[in-house]
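2 protein chains.
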Amino acid sequence: MPTVTFLPSFRKAEVKSGSTILHAAQQAGIHMNVVCGGQGKCGKCTVYVKSGRYDFDREKYGKFYSAEELDAGACLACQTVVTEDMRVLIPEESIVQEQKILIDVMGITTELNPAVWKYALTLSPPSLDDPSPDLTRLLWGIEKSGGPKEGDIYAPLEVIRRIPRVLRESGWKVTATVVLVPGGYRLIDIEKGDTTASCYGAAVDLGTTTIVVFIRNLIDGSIAGVASNYNRQISCGEDILSRVTFARKGGLKKLQSLAAESINAALTEAANNAGVDRDDIYEVVVAGNTIMTHILMEIDPAYMIEEPYVPVVRRYLTAAATRAGLDVGENSGLFIFPAVSDFIGGDIIADILASGMAESEEISLLIDIGTNFEVVLGNRDWMFACAGAAGPALEGGEVLFGMRANAGAIEQISLDLETLTPAYRTIQHVKPKGLCGSGLIDLLAELLRACIIDRTGRINMAIDHERIRAGRQVPEFVVAWKEETGIGKDIVITENDVKALIMSKASILAACLTLMNQAGITRDEISHIYFSGAFGNFISKENAIVIGLIPEVPVERIAPIGNGAIEGANLALLNRRKKKFLDEIARKIAYIELNAEPSFMDEYTGSCFLPHTDLSLFPVVEEMLEKCRLRRGAP
Amino acid sequence: MPTVTFLPSFRKAEVKSGSTILHAAQQAGIHMNVVCGGQGKCGKCTVYVKSGRYDFDREKYGKFYSAEELDAGACLACQTVVTEDMRVLIPEESIVQEQKILIDVMGITTELNPAVWKYALTLSPPSLDDPSPDLTRLLWGIEKSGGPKEGDIYAPLEVIRRIPRVLRESGWKVTATVVLVPGGYRLIDIEKGDTTASCYGAAVDLGTTTIVVFIRNLIDGSIAGVASNYNRQISCGEDILSRVTFARKGGLKKLQSLAAESINAALTEAANNAGVDRDDIYEVVVAGNTIMTHILMEIDPAYMIEEPYVPVVRRYLTAAATRAGLDVGENSGLFIFPAVSDFIGGDIIADILASGMAESEEISLLIDIGTNFEVVLGNRDWMFACAGAAGPALEGGEVLFGMRANAGAIEQISLDLETLTPAYRTIQHVKPKGLCGSGLIDLLAELLRACIIDRTGRINMAIDHERIRAGRQVPEFVVAWKEETGIGKDIVITENDVKALIMSKASILAACLTLMNQAGITRDEISHIYFSGAFGNFISKENAIVIGLIPEVPVERIAPIGNGAIEGANLALLNRRKKKFLDEIARKIAYIELNAEPSFMDEYTGSCFLPHTDLSLFPVVEEMLEKCRLRRGAP
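Protein sequence lines, in the order shown, are assigned to chains H and S. For the first sequence, the working numbering begins at 27 and goes up steadily by one. For the second sequence, the working numbering begins at 27 and goes up steadily by one.
If we strip away everything but chain H, and leave its shape as in the complex, we get:
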């Protein structure tokens, strides 16, 4: 039988004399354009015969080509007959290009290109004429279905062991699951019949407090299920330091299994709600801070909390998900986001991925605010990052009537600048019980606008107003009278509260300014400020600038990106190209240790004003404050 060798791939097919080149191409696993179904009508299956005699009706089909092209061997693959060995070049435009499926991941459009594929195969049973081994038969089937080449797929022992039985019991109709891991392709499952419809992956945000799990259908990218719950490690210590201390005392295994349990509980909930079999989850992608991911992988985190603060591992990690105790398919993969340092973990890399800043030429500033904060400045070519403690004030802690963002928290507030009467909105529209972070930022900005506080945060007792009063120890402003509250007493903000808030916001602003100094970047050059975390979704962008929480930029440049960790994990799960990019991001980031940076203290001192001592950094705010001052007739 003549052999057709296709260029440039050098794939070969042996076909009966008289077959078409198209048939040979199909046999070689090459998917050609055949718009007309092989009737010689569309002219899309052009190939160039480079050697070997061929039979092509120039009179009938020559119209598709110039004389030059015909001389170069151009012909229609569907109308050209093979009679002897030949070499055939297939130009790229004659090959069906893989369709790119674009999907929307929480507002980001990305290509659907997961690391997991399923191939439904109908194989011919072995015969004396074709006694290829079971594994080869299966892998060739995958290759012919457009999958990776037979020789490029690694088959782990436990899958090989199941192959002969599954092939025969299924009557040679099986579904093979292949995953692309850093070392190459792996055959991770073989099932009877066609199970291609059941192919899922999970994205996990492994937070110190909360765990969020998304189950995605990897066929169409859709969300199959979502669940979240508390990190059960809380029973071993509320904050991250106490967890590490627990681990040092021999508790690492316990913390590991609690992390796995917490993820499994969320996975189970999400899978059950969606009617998904957990065995059909073939990949789990986890983003978390460096300590959390060390613990999940049962790697000692102890050395990150004492000088010189080194993690054991920074690169991304891959392993069988079952090795971390996750209840998914036996051979399913686990991918852990890489980290930069003890403080800049996979969660921040996920933030960066979700923001898109590492793919843009424009310079962005990313801020993730919690009890600790992280700030990243840069673009696709360079990045600086730092981390610090902001204290709990911005989350409502250590503020007299501060509270978490639960029902009854004032989340928005404004003052009538004439009457000084507040107008506010509470979460779930119940009577107010206190103020959460976004409410406090609003309030601080409004107090400043109304000249009730000055730029150092002192309350102006000279204003004669019933809401401005001496308070027990320090001056205070009454936000809500007890009759209107849900707690039976006046809700106030004290001068001490204001000072605590200023100190918190000053750390963040000083961190931003320190990175900008390091990079030699002015605020005008910042094209985007991204807020990651729930906090950023609810705060007023204008007021964040007015109080000097962030550098002044036009508000349209500011955008919240929501839970960047889970978004980034989803992106990496759905588009494997993003995974490769993560280590690149991590390597690009220069970590700035704020405490080792002399300029940071100067910036902090300057930032302990509203918005800053140097008003030239906040020209719009300066103008606004000037107007307010004039209106109030203040000095």
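Think of the hints as simulated: they come from the structure by calculation, not from any bench. A few of these clues could be false.
In this list, chains with the same sequence are indistinguishable; a pair is considered to hold if it fits within one copy or across any two.
[As the list claims (entries may be wrong)] Distance condition first, Cα-Cα at most 30 angstroms in a straight line; then the derived DSBU-like pairs of lysine-lysine:
| no. | residue 1 | residue 2 |
| --- | --- | --- |
| 1 | K170 | K614 |
| 2 | K170 | K606 |
| 3 | K42 | K614 |
| 4 | K614 | K76 |
| 5 | K279 | K199 |
| 6 | K175 | K606 |
| 7 | K508 | K457 |
| 8 | K199 | K42 |
| 9 | K218 | K280 |
Guided by the hints, dock chain S onto chain H, whose structure is given.
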């Protein structure tokens, strides 16, 4: 500090201003030629500065270069000082080339290039200035010691988990073990202190009957220990078919663990004798027939003994050795030779490797004789292989006084052509008890030379001699009188014995001729005939030709290669480049199913003569027989 970037590798080093380029190269992990120790005397450390100012004393050292070279930036790395950022090209000749160590593996000279390396490292502890993660620090240490690049080494979870403790408990002096597996480099061990002296590997011949183990020192390639024992699977069936039947009845797990037990017993014996800790055995390479290796990996062999006789897997297999139950280091690798088909297994691929025939342009014929035989014909470009059953006659079975090659077996024999008196040698020089294979071949040839038998194997009763007698049922020749034997009775060879031997040898010769026909090769074109197995070590090459066991070639072209399976396994263990070559060999081989080949029966019929019906295939034998005929005055 200025940075020196080395081309073409783009490796970088940051050095103090005033350092030499040589120092920077060392820091970047590049090993340069410094024959004179950096005194500017040998001129071997030439580099070309491509950018950056540099300080090189042209008057003193210019003699090493032409004006053109100097213009191109040539200078001595040991005498040129770095004062600012620069780019430096290092020509290949200035880099120390890895020394090739050649060793002798049972007569074959090969490069010592194992897949396992140990690196003794003294790392600087982390500091606030250098807070790199533990893993990165370790991998950089390996890279700087001339090992693979940090980013190219995969670290499995279980090793990562041990890193922080071992680093700190050892005072940052550790030995890292890296293995090259098909997917890339893997970090498989970290130990305290310098353990580079203890680095071993094991080569295993997993035979149906016997298991042979070699432990090799991977530092110098020397043999640390050898052991062999019976395959304990014999308790589940003596021959390979009965083992597969046992496996089909649910006994696969049992057979697997018996195989592992047998290997472990030999490993332990060899390790104990050599004083080697089995944990220091980092790789195990196994060659065996296809059914044996399937069983060792617990892969169902059942489909190989029924039509259409397909193995599950043909490619080489890698896994953690512990996954097959082998008692070696926790993360040590297991490499299983690939196979071609059910009948041409890894043992034959090992034979081919050991013979060197796949690397030669010359055409070779390889013959592995046992109860079953395998024949391979070809060279580095093409290969044909076949297998068949020769019956037990050549091993002394089904022959009246045949026996295995044990004490008392006649292993060599000749006849005085005048008196017909035999002269023989027995194994261990005791009184004869019977004849083993090599003795039988000698005897057959001598009977033919003496015209006692004709070319069909019939005994010529017309010769009047006391040793030639009617026998009980068929004529026989007395080899030894009962007085001289160790069994108290005459040792004879009967006409039936002769016929059985002829049928056995005919299968082998017919297989050789069938392959030669397939390839269109005549006996003149065969440059080498290799005998694999113990059999080939002891038989007379001349007599093997006289009886027509093998095609006639000049005897100097015939060579025994001993136990090719264990030799091949040793070669692959000591030189990883050979491993890559195995799949190539396996893919190159075209398997010829003798029973499906019509010409085989014709060749067999022709081969049932001594040496063959067609004497033109055996011109030297023909001439010899003619002389004998004339001397005896036979018709």
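Violating hint indices (sorted, rising) = none
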